[in-house]
Amino acid sequence: MNYSYNSGFKIQNISFKLEEKVVCGLTGNNGSGKTTLLRLLVGLLKPKSGNIKIFNNILTRNKKELWEIRESIGFLFQNPDDQLFAPTIEEDISFGPRNLKLDEEEVKVRVDWALDAVNLSEFRTYSPFNLSWGQKKRAALAGLLAMKPKLLILDEPFANLDFTSIYNHLVILEKLRKENEITIFFTSHNLFFVEHWAKKMLFLDNGRILFDGKPHEGLRNSDVKQLLGSYDDILTLIKNR
Amino acid sequence: MRTTLPFRLENERLYLRRIHPLIRLIIPFILVIPFLVLEDFYLTITILFITLIIDLLLRVNFITIFSRLKIVIPFVFLITIFIPFYVGETVYYRFPIGITIYQEGLNLAFLLSLRIFGALFIFMSFFSTLTYSEFIGALTKLRIPSVLIGSLIIMLHYIPILASSNKKILEAQEMRGKKISTYWQNLKTHAYILGKSIVMNMERSEKLYESLKMRGFSGKISFAPIKLKASDIGILILFILIIVNFIFVINLELIYRGVFTLIMP
Ligand SMILES: Nc1ncnc2c1ncn2[C@@H]1O[C@H](COP(=O)(O)OP(=O)(O)OP(=O)(O)O)[C@@H](O)[C@H]1O
Ligand SMILES: [Mg+2]
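Line by line, the protein sequences are chains A and B.
Those letters in the first sequence? Residues 1 to 241, per this note's numbering, in order.
Those letters in the second sequence? Residues 1001 to 1265, per this note's numbering, in order.
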């Protein structure tokens, strides 16, 4: 698959497979094209060449077919402000389920469940403006969970969260994964998650896949290591000041 | 942060909540249209008086409404300021430089400002009883095309964001010493902020639209349906009856004059 922005940035010759029910981590430096790749995956951008198959369906431009595929995908934006739009958290979360044409009872059940899952029940009537970043992030996630997706695509799900929130996030995601057998594809700068949570790792550099395989192997790969850098370099710099 | 939109917050309590949002959307129109169409000073006053009483009874916060109305004063002033110089025949005052103020124009300008403020006051009173989602829900019920409602939602969504993001940018600038710069530099930075926030918000609304699409947005937003009750219809009819009475049956002018002579014989 290929893609290029008119700014000149290109996604080049990308090809990979994602197995069902697996956690896959996508990493790479700032501007390496992670968000772009995710947007291609969910059909928000159209590849210049090549195609994308999700659950054996080729992503098309046909609106109806695209929605049929998207019904089972949850896409978490990097910035929750891009996602939350309704006057209240509750209303925002019920947006997806209503579009799934569920009846009001079921919508309510799902909203309650999703709010509970992300620990925001007491904030249900709050406006997104009155929430902290982490709470917004959780609210945005709840909006996806309420749709019970089979594939969760998360752009930086753990960025800017404290350890408790990360822990809670992971509890929810793992529970979902076990119960509903969902697939998770996430991006992160934090190698900790890629190493320990993901079963598969993709490393992106300047729009190209540099590594595709097991995380512990990836982190030992010399090219990857060189690009990533580490705390060691930073530590040396600080110590030598 | 409080949203800058004239809507009630979702968790704010209100007596009027039991009345269907659609009715609360229609009532201000019933009240406003007669006094905009009919040129009757007494009717205007009476309708404003009724709204004020409703506000008081239902504890609508009309202090905030008045403080919002302040914003439109310069505009109304601009619209009406020239009328007394051109309209009318009866001379009210003649300046030595040859400019004349006419009595009829003065009256017209006064009535016009009263009507504009009155209409805004009534709309704001009733709209402030609606929450944002009730408002959109009511519009949907009126079968307003979903494309229009969809764009309205996105537009309304960005008003508070624009306000707060402008604030954040300004704060960030202040941290870097915006206050100490000269007037012209200040003006320049304001222009930059404006440009930046327009671009930023356009980008953001594009992303917002994408995120809505991902969750199945097709231009139509569905809300938890609220049923119209018989009592709602009853209230609507009551309002219509009152207004019709004021226009055709009761002679308001007589009543006002009567009251006036009672107080000041
Ligand atoms: N809408 C756009 N139009 C043009 N160029 C873009 C657009 N969005 C991103 N780019 C460019 O594409 C490149 C990759 O951006 P992308 O957002 O995918 O990076 P990323 O890996 O997600 O980075 P980060 O870790 O900072 O989130 C960047 O060089 C960026 O300048
Ligand atoms: Mg990104």
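Where hints are given, some of them may not hold.
What the hints assert, rightly or not - In silico contact screen, one side only, chain B against chain A (beta carbon under 8 angstroms); selected entries: (1) G1088; (2) S1133; (3) L1208.
Bear in mind the hints are in silico, worked out from the structure with no lab data behind them.
Using N, Cα and C, we set each Cβ at its ideal position, and we do this for glycine too.
A quick look at each hint next to the structure:
1. G1088: violated, 48 angstroms
2. S1133: holds, 6 angstroms
3. L1208: holds, 6 angstroms
Taken one by one, the earlier hints fail for this structure only at number 1.
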